[in-house]
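**Student:** Chains S and A are the protein sequences, given in the same order.
Numbering that gives the first Met the number 0 numbers the first residue of the first sequence as 0 and each following residue consecutively.
Numbering that gives the first Met the number 0 numbers the first residue of the second sequence as 0 and each following residue consecutively.
Heads up, a few of these hints could be off.
[As the list claims (entries may be wrong)] Covered stretches of chain A, going by a simulated chain S footprint (3 or more residues, C-beta under 8 Å):
#: 1; stretch: 49-61
#: 2; stretch: 148-159
[Said to hold, decoys possible] In the DSS-like style, the derived pairs of lysine-lysine whose C-alpha atoms are separated by at most 30 Å in a straight line are:
#: 3; chain 1: A; residue 1: K100; chain 2: S; residue 2: K100
#: 4; chain 1: A; residue 1: K80; chain 2: S; residue 2: K80
#: 5; chain 1: A; residue 1: K6; chain 2: S; residue 2: K115
#: 6; chain 1: S; residue 1: K111; chain 2: S; residue 2: K80
#: 7; chain 1: A; residue 1: K115; chain 2: S; residue 2: K6
#: 8; chain 1: A; residue 1: K6; chain 2: S; residue 2: K143
#: 9; chain 1: S; residue 1: K6; chain 2: S; residue 2: K20
#: 10; chain 1: A; residue 1: K9; chain 2: S; residue 2: K115
#: 11; chain 1: A; residue 1: K8; chain 2: S; residue 2: K111
#: 12; chain 1: A; residue 1: K80; chain 2: S; residue 2: K6
#: 13; chain 1: S; residue 1: K6; chain 2: A; residue 2: K39
#: 14; chain 1: S; residue 1: K143; chain 2: A; residue 2: K9
#: 15; chain 1: A; residue 1: K8; chain 2: A; residue 2: K165
#: 16; chain 1: A; residue 1: K20; chain 2: A; residue 2: K6
#: 17; chain 1: S; residue 1: K6; chain 2: S; residue 2: K80
#: 18; chain 1: A; residue 1: K8; chain 2: S; residue 2: K80
#: 19; chain 1: S; residue 1: K100; chain 2: A; residue 2: K39
#: 20; chain 1: A; residue 1: K80; chain 2: A; residue 2: K111
#: 21; chain 1: S; residue 1: K8; chain 2: A; residue 2: K115
If you're looking for bench data, these hints aren't it; they were derived computationally from the structure.
Predicted model, so just to flag it, every value in this text is computed and none were measured.
We put the CB at the ideal spot given by N, CA and C, even for glycine.
Number of protein chains: 2
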Amino acid sequence: MRLLEEKIKKDGRVLNENVLKVDSFLNHQIDPSLMNEIGKEFSQRFANEGITKIVTIESSGIAPAVMAGLYMNVPVIFARKRKSVTLTDELLTANVHSFTKNESNELVIARKFIDKNDTVLIIDDFLANGQAALALVNMVQQAKATVAGIGIVIEKSFQPGATILKDQGLRVESLARIANLSNGEVTFILEKMEELI
Amino acid sequence: MRLLEEKIKKDGRVLNENVLKVDSFLNHQIDPSLMNEIGKEFSQRFANEGITKIVTIESSGIAPAVMAGLYMNVPVIFARKRKSVTLTDELLTANVHSFTKNESNELVIARKFIDKNDTVLIIDDFLANGQAALALVNMVQQAKATVAGIGIVIEKSFQPGATILKDQGLRVESLARIANLSNGEVTFILEKMEELI
Chain S
0 MRLLEEKIKK
10 DGRVLNENVL
20 KVDSFLNHQI
30 DPSLMNEIGK
40 EFSQRFANEG
50 ITKIVTIESS
60 GIAPAVMAGL
70 YMNVPVIFAR
80 KRKSVTLTDE
90 LLTANVHSFT
100 KNESNELVIA
110 RKFIDKNDTV
120 LIIDDFLANG
130 QAALALVNMV
140 QQAKATVAGI
150 GIVIEKSFQP
160 GATILKDQGL
170 RVESLARIAN
180 LSNGEVTFIL
190 EKMEELI
Chain A
0 MRLLEEKIKK
10 DGRVLNENVL
20 KVDSFLNHQI
30 DPSLMNEIGK
40 EFSQRFANEG
50 ITKIVTIESS
60 GIAPAVMAGL
70 YMNVPVIFAR
80 KRKSVTLTDE
90 LLTANVHSFT
100 KNESNELVIA
110 RKFIDKNDTV
120 LIIDDFLANG
130 QAALALVNMV
140 QQAKATVAGI
150 GIVIEKSFQP
160 GATILKDQGL
170 RVESLARIAN
180 LSNGEVTFIL
190 EKMEELI
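With the rest of the complex left out, here is chain S:
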């Protein structure tokens, strides 16, 4: 998605070879107009999947997910992070370890919001090691619903998440795919052959 790549080039900050800060437009300060375009793009990419629900994680997934939900006319559910949870039949839960923050969280979704008739699109801001997306997939599957695919705003393609998800047969649509963050610069994977010409 050209608009997003340009925004990342302009306002993203490469802290080191692994870390890209996008807190000026995605995960602390948010650019609503960009989120609107991102939501529209997700809705186009998953238009033929019969999506009935979108699932994301608090907090940075909410803005792109809600915009996608507006275009797709479906509810959005955000999984809540909890340090520990008293398990009940009323909750879908999964553990997720963040390598970035080196902390584990329990994710929680009220079971009543997803059932076996749902076809779910998972949306998140970043895909790196894939642990958060896998946890969401796991929760959707606990509810016996169908995972239609995973929509990611920024994929760090040099980390294993995308491959792990695709190896499970999951469709992954990432709007910006970063090949590397070497030399303090963002290099994207070329999306279309014409960009090679």
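We have chain S already, so just place chain A on it with the hints.
**Tutor:** What follows is chain A alone, placed relative to chain S:
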């Protein structure tokens, strides 16, 4: 806001005289179309205030705030909750105690995103005791920016928050104002005189 009141009547659940659950459309599952209308309503109510930034709190404030930001064409910043923070000059911080959850959090906003030239609209999902809104006001004032007002989705008018904020000279616009939750029902404060006729 009639549409919101009807949604609360239809899908809100009164747990007791103090607690209204709206997790099916506002703070766990989100109704994007309703958020869109809420954003539009906030943008109309604060149209003449010269708003340059919207500030909210993760996670439930994000959806209505981003929709308002889309209509007002301004960035949205969400304060992050932290258990404890190493203070630096780069952060605006405030403590907030949640009576509902009986826990204290430190709120954090990167200082670089708000400066003295900003006119800030604060948006949150609920107004009860006003502690969260006051913390956001405090942080905006630390940045020497102007608080244009506070936009609230659901005000529990039987709790002191709205009065506390208005006593400080702050403009509060609440889209639904709940007079009481007695007898398992939601009773709204009438907004317009014609509703009395």
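**Student:** Holds or violated: K6/A and K115/S, Cα atoms, limit 30 Å.
**Tutor:** Holds: K6/A and K115/S sit about 25 Å apart, inside 30 Å.
**Student:** For the pair supplied as a hint, K80/A and K80/S, is the alpha-carbon distance within the 30 Å limit?
**Tutor:** holds (12 Å)
**Student:** Would the pair K6/S and K39/A pass a check requiring their Cα atoms to be no farther apart than 30 Å?
**Tutor:** holds (26 Å)
**Student:** Is the coverage entry for the stretch 148-159 of chain A by chain S consistent with the three-residue Cβ rule at 8 Å?
**Tutor:** Violated: only 0 residues of the stretch 148-159 of chain A have a Cβ under 8 Å from chain S.
**Student:** Given the hint that K8/S pairs with K115/A, does the C-alpha gap stay at or below 30 Å?
**Tutor:** holds (28 Å)
**Student:** Taking 30 Å as the top limit, are the C-alpha atoms of K8/A and K165/A close enough?
**Tutor:** holds (27 Å)
**Student:** Verify the proposed pairing of K111/S with K80/S, using a straight-line Cα cut of 30 Å.
**Tutor:** holds (18 Å)
**Student:** Does the alpha-carbon distance linking K9/A and K115/S stay inside the 30 Å limit?
**Tutor:** Holds. K9/A to K115/S sits at ~24 Å (cutoff 30 Å).
**Student:** For a C-alpha distance cap of 30 Å, please report whether K80/A and K6/S respect it.
**Tutor:** holds (27 Å)
**Student:** Verify the proposed pairing of K100/A with K100/S, using a straight-line Cα cut of 30 Å.
**Tutor:** holds (25 Å)
**Student:** Would the hint linking K6/S and K20/S be met if the CA-CA limit is 30 Å?
**Tutor:** Judged against 30 Å, a Cα distance of about 12 Å means the pair holds.
**Student:** Run the distance test for K6/S versus K80/S: straight-line Cα separation, threshold 30 Å.
**Tutor:** Holds, because 29 Å separates the two Cα atoms, which is no more than 30 Å.
When held up to the earlier numbered hints, the structure conflicts with 2 and 19 and fits the remainder.
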